[in-house]
Structures are given as C-alpha cells and as structure tokens.
Amino acid sequence: MFAELGLVLMLMIGMALGGLGGYWVRTLIARSEKQALRVQLESETQATHQIQREREQSLEQSRQFLHDQIKLLAAQILDDRARQFNRQSEEQLGRLIEPLKDRIVEFRAKLDDVQLKDVERAAQLQTELGQLKSLNQQMTQEAHRLSTALQGQSKVQGHWGELVLSNVLERSGLRDGIDFRR
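Residue numbering for the sequence shown follows numbering that gives the first Met the number 0, starting at 0 and increasing by one per position.
Simulated from the structure, these hints should not be mistaken for laboratory data.
Incorrect hints may have been included.
Distance windows between CB atoms, simulated [what the hints assert, rightly or not]:
id, residue 1, residue 2, range
1, 171, 112, 47 to 55 angstroms
2, 37, 17, 35 to 43 angstroms
3, 47, 8, 36 to 44 angstroms
Taking lysine to aspartate or glutamate pairs in the DMTMM-like style, the calculated list, with each CA pair at most 20 angstroms apart, reads [said to hold, decoys possible]:
id, residue 1, residue 2
4, 132, 90
5, 33, 43
6, 109, 119
7, 100, 117
8, 100, 111
9, 109, 90
10, 70, 53
11, 100, 90
12, 100, 112
13, 116, 105
14, 116, 127
Glycine included, every Cβ here is placed at the ideal spot set by N, Cα and C.
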C-alpha cells in the first residue's frame, strides 16, 4: 500500500510539477506573447507616430503652399485692380480733359483770329493815318498856294480857289455834280 501511496504521491507530485511546469510554460508563452505584442505595439506606435509626423509635415507643407498661393493670388488681384484703376483713371481723366483741350484749342484759334484782326486793324489804321497825313500835307500846301494866289490876281485866284476847293471836297468823299457844283 505504501507503494500505491508512493505511486499516488508521485503521481500527485508529478501532476503538481506538471501543472507547475504547464503554468510556467504558459506564463513564459504569455510573457513571450506579451513581449511580442509589446514589441508589435511599440512598432505600430512608432509607425503611427511616424505617419502622424509625416501627415503633420505634409499638412504644414500644404498649409505653407496654400498660404503662398493665397499671397500670390492676392498680389495678382491687387496688381490687376491697380492696373484697372489706373486705366479707368486715365479714361476718366481723358474724358474730363478732352472738353478742356477742345476749349483751349477753340480759345487759341479765337485768340489767333483776334490777334490777326488786331494786326490787320493796326495796319489799316497805319495806312489811314498815312493817308490822312498825306492829305493834311496836301491841304496845307494847297492852302498855302491858295493864300499866295489870293494875294495875286483876282480872276486867277478865283479859278484856282475853286479848283483847290473842288479837290478838297472830292478827297473828303464828296462827288462833283451830286454833293457839290463847280
């Protein structure tokens, strides 16, 4: 019976040792799996972090590209607006200045015309003054001759006086036979 008891005891010890061995093997397997999972998790975490960093970097590059494009577009819009404003300003200024330019041209033409007429009037006045001066000299000479003739013979003086008077009246614009008679 001892032998049976020893066998049972050995069997129990074997079972206990087998259970312990199984537990230890399971624990080792679990630790190994846990370690493998931890390594896998760390690897996946690092990969996730790497992907996240790449995404953030890509996002930053996209944001910077977008920012640059917006600045470029804003500059182009501003440049277009400035050109459009300048063109419109020039057109409006042209529309405002064109009537003024036309008026200045008209004024210049009228001024030139007035100056030309003034020159013509001055020349005409100069001519008339010359004629008046010449007529005055002739009248003075004829008056002197008349005076001399009047001091001489009466009949000659009379004819000569009539002739001088007739000349004076004709030069004054009067006509013989219409405005006066000899």
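Against the structure, the hints come out as follows:
{"no.": "1", "hint": "171 / 112: 47 to 55 angstroms", "in the structure": "34 angstroms, violated"}
{"no.": "2", "hint": "37 / 17: 35 to 43 angstroms", "in the structure": "29 angstroms, violated"}
{"no.": "3", "hint": "47 / 8: 36 to 44 angstroms", "in the structure": "55 angstroms, violated"}
{"no.": "4", "hint": "132 / 90", "in the structure": "61 angstroms, violated"}
{"no.": "5", "hint": "33 / 43", "in the structure": "15 angstroms, holds"}
{"no.": "6", "hint": "109 / 119", "in the structure": "15 angstroms, holds"}
{"no.": "7", "hint": "100 / 117", "in the structure": "25 angstroms, violated"}
{"no.": "8", "hint": "100 / 111", "in the structure": "16 angstroms, holds"}
{"no.": "9", "hint": "109 / 90", "in the structure": "28 angstroms, violated"}
{"no.": "10", "hint": "70 / 53", "in the structure": "25 angstroms, violated"}
{"no.": "11", "hint": "100 / 90", "in the structure": "14 angstroms, holds"}
{"no.": "12", "hint": "100 / 112", "in the structure": "18 angstroms, holds"}
{"no.": "13", "hint": "116 / 105", "in the structure": "16 angstroms, holds"}
{"no.": "14", "hint": "116 / 127", "in the structure": "16 angstroms, holds"}
Checked against the numbered hints given earlier, this structure breaks hints 1, 2, 3, 4, 7, 9, 10; the rest are met.
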